[in-house]
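Enquirer: Sequence:
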Amino acid sequence: MSAQIIDGNETSKQIKDELKLEVEALAKQGIVPGLAAVLVGNDAASEIYVTSKAKNCKKVGIYSEVIKRPAETTQQELYELLDSLNQNPKISGILLQSPIPKHLDEFAACLRIDPIKDVDGFHPDNVGRLLIGEPRYQSCTPFGVIELLKRYKIEMKGKEVVIVGRSNIVGKPLAAMMMQKWPATNATVTICHSATRDIFAHTKRADVVVTALGKPEFLRGENLKDGAVVIDVGINRVEDASVEKGYRVVGDCHFESCAAKASWITPVPGGVGPMTIAMLLTNTVMAARLQAEALGTN
Numbered sequence: 001m002s003a004q005i006i007d008g009n010e011t012s013k014q015i016k017d018e019l020k021l022e023v024e025a026l027a028k029q030g031i032v033p034g035l036a037a038v039l040v041g042n043d044a045a046s047e048i049y050v051t052s053k054a055k056n057c058k059k060v061g062i063y064s065e066v067i068k069r070p071a072e073t074t075q076q077e078l079y080e081l082l083d084s085l086n087q088n089p090k091i092s093g094i095l096l097q098s099p100i101p102k103h104l105d106e107f108a109a110c111l112r113i114d115p116i117k118d119v120d121g122f123h124p125d126n127v128g129r130l131l132i133g134e135p136r137y138q139s140c141t142p143f144g145v146i147e148l149l150k151r152y153k154i155e156m157k158g159k160e161v162v163i164v165g166r167s168n169i170v171g172k173p174l175a176a177m178m179m180q181k182w183p184a185t186n187a188t189v190t191i192c193h194s195a196t197r198d199i200f201a202h203t204k205r206a207d208v209v210v211t212a213l214g215k216p217e218f219l220r221g222e223n224l225k226d227g228a229v230v231i232d233v234g235i236n237r238v239e240d241a242s243v244e245k246g247y248r249v250v251g252d253c254h255f256e257s258c259a260a261k262a263s264w265i266t267p268v269p270g271g272v273g274p275m276t277i278a279m280l281l282t283n284t285v286m287a288a289r290l291q292a293e294a295l296g297t298n
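188 is the number that the numbering used here gives to position 188 of the sequence shown; each next residue is one higher, with no gaps.
Hints are not guaranteed to be accurate.
[What the hints assert, rightly or not] Below, a list of computed lysine to any residue pairs in the SDA-like style, where the Cα atoms sit at most 25 Å apart:
hint : residue 1 : residue 2
1    : Lys181    : Gly128
2    : Lys261    : Gly158
3    : Lys58     : Ser46
4    : Lys153    : Lys68
5    : Lys13     : Ala54
6    : Lys20     : Arg289
7    : Lys159    : Val189
8    : Lys153    : Ser46
9    : Lys150    : Leu111
10   : Lys153    : Lys204
11   : Lys68     : Ser84
12   : Lys16     : Ile154
13   : Lys153    : Lys58
14   : Lys204    : Glu244
Bear in mind the hints are in silico, worked out from the structure with no lab data behind them.
All chains, full assembly: derive it from the sequences and hints.
Expert: Below, the structure is given as structure tokens:
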């Protein structure tokens, strides 16, 4: 068996094309979605991510601001910035780029963001709404996973889904989504983590395996059952002197062996990664709609 590719690049492009039309329609009603990305410190990877998000906003017509603050920013100064963005009518969504300097309390900062502007879906208000099946904004990466499965018409109802990784960003919210009685989900979900006795005993019986643990090529074809669907959320750099950059980007799955056993698989790069930004933009447009409705302008 040779797996079919779940193409995140192409799907994210489709979503952004749809969003561009939606943003144009909103503009006719005087509504312009706006995203503020807050970057504290000098993390090089974060700068790249934030710049990419701003470029993607521009492509679909979303107003964006990148707000940089020095590493020595205090908790109070961060609160004051977030408070001002909460009150700014031009800003529909607020993104606090992680990681932030260690002296700052990231969870407390997350609590400071108005839940209706929390387009990352990390505020406990939004996490709780997701858990009870009444989501406002869904965490972007797992939201992207669900959207890929839905658009590729991969049936989830009643399927055995094993998620390897229990982070607050991917594993936990994805499990909450997968178990909901929604048309695109309604699965039986198992989460594996560092204390799981035999992870591969679980993956070998799964209809769908999602890896989100940050270990290069952890899952191999021998750890899958024939015809499984493999969703690789991992993005890892491994040294490789044979390439000009000196490294390769790989997922948590050994692609060749898993693709030989699976029915569907996401590549790395070009799988789940592009979907994360697409769903952030989706949440931002939704936020603009919700805030306009609350003001009675839509």
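Enquirer: Hey, Lys13 versus Ala54, does the alpha-carbon distance stay inside 25 Å?
Expert: Holds, because 16 Å separates the two Cα atoms, which is no more than 25 Å.
Enquirer: Need the status of pair Lys150, Leu111: alpha-carbon distance at most 25 Å?
Expert: violated, 31 Å
Enquirer: Could you grab the alpha-carbon distance between Lys153 and Ser46 and see if it respects the 25 Å cut-off?
Expert: violated, 33 Å
Enquirer: Is Lys68 close enough to Ser84, meaning Cα to Cα at most 25 Å?
Expert: Distance of about 14 Å is within 25 Å: holds.
Enquirer: Regarding the pair Lys153 and Lys68, is the alpha-carbon distance no greater than 25 Å?
Expert: Given that 25 Å is the threshold and the Cα spacing comes to 41 Å, the pair is violated.
Enquirer: Holds or violated: are the alpha carbons of Lys16 and Ile154 at most 25 Å from each other?
Expert: holds, 21 Å
Enquirer: Please verify whether Lys153 and Lys204 have alpha carbons no more than 25 Å apart.
Expert: The hint holds at about 23 Å.
Enquirer: Run the distance test for Lys204 versus Glu244: straight-line Cα separation, threshold 25 Å.
Expert: Roughly 37 Å separates the two Cα atoms, so the pair is violated.
Enquirer: Is the hinted pair Lys58 and Ser46 satisfied, with a Cα-Cα distance of at most 25 Å?
Expert: holds, 19 Å
Enquirer: Has the given pair, Lys153 with Lys58, been kept, meaning a C-alpha gap of at most 25 Å?
Expert: Violated, at roughly 30 Å.
Enquirer: Would you check the hint for Lys20 and Arg289, treating anything up to 25 Å between C-alpha atoms as holding?
Expert: holds, 14 Å
Enquirer: Need the status of pair Lys261, Gly158: alpha-carbon distance at most 25 Å?
Expert: holds, 21 Å
Taken one by one, the earlier hints fail for this structure at numbers 4, 8, 9, 13, 14, listed in ascending order.
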